[in-house]
Every structure is written in structure tokens, then in C-alpha cells.
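A.B. asks: What follows is the residue order along each chain.
Number of protein chains: 2
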Amino acid sequence: MNIGPDKYGIKEGINEVIVTTRSLNGKPNAAPIGIISDKGIFKVKVFNGSHTSINILDTGLLAANIVGDPVLFVRSVLDDLDIEMFTMIKTDTGITFPVLAQSSAWVLFRADYTSGSTAMTAHLNMIAGNIINQEPRSVNRGFNAVIEALVLASRYRVFNEESLLDRIESYGSLVNKCGGTCEKEAYGMIIEYLQ
Amino acid sequence: MNIGPDKYGIKEGINEVIVTTRSLNGKPNAAPIGIISDKGIFKVKVFNGSHTSINILDTGLLAANIVGDPVLFVRSVLDDLDIEMFTMIKTDTGITFPVLAQSSAWVLFRADYTSGSTAMTAHLNMIAGNIINQEPRSVNRGFNAVIEALVLASRYRVFNEESLLDRIESYGSLVNKCGGTCEKEAYGMIIEYLQ
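Just so you know, the sequences run in chain order A and B.
Sequential numbering of the first sequence, starting at 1, is according to the numbering used here.
Sequential numbering of the second sequence, starting at 1, is according to the numbering used here.
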């Protein structure tokens, strides 16, 4: 039986995952990216000049890490992740490739890209996958609010629009009401970063 | 080893789950409710007069169903669920109790309640739990938007405030952009219900 990316958590629609890649000299990189799954086709748009884009040009590979930890999501946007947060896996081609040690699951894809004026589109074909943590998790609106605030914070970093700050702050009450310790910590990191 | 509700997906913070209960004569009921987990204490607030509240008074039991299907969430608010959507489990006390056949996991709790003027507070002690589907699932902002729209739709049903309709409609673009077929169907059911 052929097991596809959906068994590892990449479902129909846009999947907010942390994409890991490596440079030619082996430096790992992590960035939150939306992977599109539409009628069995998997693809991703990556802005030119980003580490992820350069690494895909160099290696033709990316890994999608399914993550449920809000702090890890925020760190992957605001910080470089520490080297010990990556696990190096050995691929069939002999290249070692970084995935996130704390992911619930990961899928390694071959990325066949088409270049565009501002971004490349990479068509993804699954090479391998692994499920690390199968614990179920209920819906937490505080977690979801952190993700929305993080999307806005990434946008603020590029466009610097003041109106985004108000929208980011508007998520605070939901995080405080519904989130656990991790959600509050993650949201606090976003607010601290913006100050 | 003592396995607690967190292993079944009930994490710190407010857990948006579908609570199933049964009446004295065995009729199952399902309603979306937030279960609070705070420092190892599990509790829930249930409005007086609701089916859930009456059933807890009668049986002292409730089950928290961890659900990832947005259509199931919406149906549990807007419709009564069909009888075949429930699985009857046998408890230690001999009583059969309904859980959702499509849940990822469920936890059966003894509910020790304190009555209040508008709502009861039930303190929850886990009796049993089961994991049914361990498939990981990436973050989908379209799914999260359906949950937010559903919270507002429940509020609209009670308070009938027109301003809520605009907020519900504002989630449509995120559902269409990021959601899969299930998210679009679920959101469509909310919009249809409101018309």
C-alpha cells in the first residue's frame, strides 16, 4: 500500500508547517510555510532570496514538519533555531537532512521548482515520512490565536504597517483565556519581539 | 503508570471538544463545550436547562470527544446528530454511554457538579479513555476560522446581534483560501443556517 503525505498530517488545503532545509555545506534552516495540498498535488511557494529558497535551489529537497508546539512555531519565525533542535536523517541518496526533533511527524519531499519573478513554486513529491508523536490534541482557540498573531507579525516585519500591531494585540485576550502555558509564552515572545 | 486526560488530547487551557451525555432513558446528546484543564484540575461550566446540564444532573457523567472534523463540530451545534454517529460504550458501573464514532479520542469523566444561578460547574474525574485515530494533522487556518465562526454563530443564536453576522462572514475568505473540502462544507453549513 502506498502511504501518502496525508497519513503524516499533510491534509487537503493549506498546511501550516515548519519547513526544514539544508545548505550545500550542511547548515540547517527552519521556516514556517504553508504547503498546499490540492487533489493529490502538493506544492509550495517560496520567496526568492530566502534561506529556504536558496537551499531548495541547491539541494532540491525540503522537509515538512508537523508541529503542535506554539513556541516552536514562534521561534522558527523570530529566531534561528538552535542546532540541537534538529535531527539529521539519512536519505536514500546518502545526503543527511534536517528535520525538527520536536515535530509530531515529518515528510521529506523532492522539490521540483519553477522560478518566478518574486517566488519559486516547488512541486513536491514525497520521498519518506515518519510519525514521531501520535498523541491526539483537542482544539485550542488560544493556540489558533497565536498562529494568527504570528502570521501578522511576519507581515509586520516586511511591511511595517502600524495597523497590524493593533490586530496582533487583539489576539491577546483569547490567548490568555484559552491558551495553556506554551501558548502564553509563545504570544509573549511575539509581543516582546515587536517592542 | 497513571495515564491522565492529557494523553487523550485534553491539554492545559480550554479544550474545545464535543461533550456527549445521555438522558436517564438513554437518549444521547452532543454539544461543543470548552473543558478547562488547569494545574491538573479538569472542569467545565454548563448552562442550566441545556440537555448537557440536565443529563449531568441525571447521570453524573460526561464524555469529552476530541474531534478534528469541522463538519462534525458544526453539526453538533446546528443539528441533532444522527443516532448512528454515536458509539455506545459500556462503563464499569454497567451503564452504557455515548461517545462519537468519529472522534480521534474520548475521555469519560465523572462529573461532580456545583449548581449556580445560570450554570453548573462540573469538576471532572477521568474514569476511562480511548484513542481511536492517531493520525497527525497539520495546522489549518481554514479549520481554525470555522471554529471561530461557529463560536460566533452560537452566540448569534442566543443574542441575535447583527454585528456578529459581519464577523462570521469575515472568516469566509480564510476558509476558502486555506481550508479543504470539509472546512468549506462546514463553513457553508454555518452560512446557510444563518440565512
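Honestly, the hints are just simulated from the structure, not real lab data.
Misleading hints may appear alongside valid ones.
So, partial list: chain A residues that the calculated Cβ filter (under 7 Å) puts toward chain B [what the hints assert, rightly or not]:
| hint | residue |
| --- | --- |
| 1 | ILE10 |
| 2 | ASN15 |
| 3 | GLU16 |
| 4 | GLY49 |
| 5 | LEU108 |
| 6 | ARG110 |
| 7 | VAL139 |
| 8 | ILE147 |
| 9 | CYS178 |
Quick caveat: nothing in here was measured; it's all calculated off a predicted structure.
All C-beta atoms in this analysis are idealised placements derived from N, C-alpha and C, irrespective of residue type, glycine included.
A.B. asks: Against each hint, give a clear statement of whether it holds in the structure.
C.D. replies: A quick look at each hint next to the structure:
1. Here the hint on A/ILE10 is kept, as its CB sits about 6 Å from the closest CB of chain B, short of 7 Å.
2. Taken as an interface hint, A/ASN15 checks out: its beta carbon lies about 4 Å from the nearest beta carbon of chain B, inside 7 Å.
3. Because the closest C-beta pair between A/GLU16 and chain B is about 4 Å apart, less than 7 Å, the hint holds.
4. With its C-beta approaching chain B no nearer than about 24 Å, A/GLY49 sits outside the 7 Å limit, and its interface hint is violated.
5. Checking A/LEU108 against chain B: minimum C-beta separation of about 15 Å lies over 7 Å; hint violated.
6. Interface hint status for A/ARG110: violated, as the beta-carbon distance to the closest one in chain B is roughly 19 Å, over 7 Å.
7. Checking A/VAL139 against chain B: minimum C-beta separation of about 4 Å stays under 7 Å; hint holds.
8. Taken as an interface hint, A/ILE147 checks out: its beta carbon lies about 6 Å from the nearest beta carbon of chain B, inside 7 Å.
9. Below 7 Å, beta-carbon pairs count as interface contacts, and A/CYS178 has one with chain B at about 4 Å; its hint therefore holds.
Violated hints, listed in ascending order, are 4, 5 and 6; each of the other numbered hints is respected by the structure.
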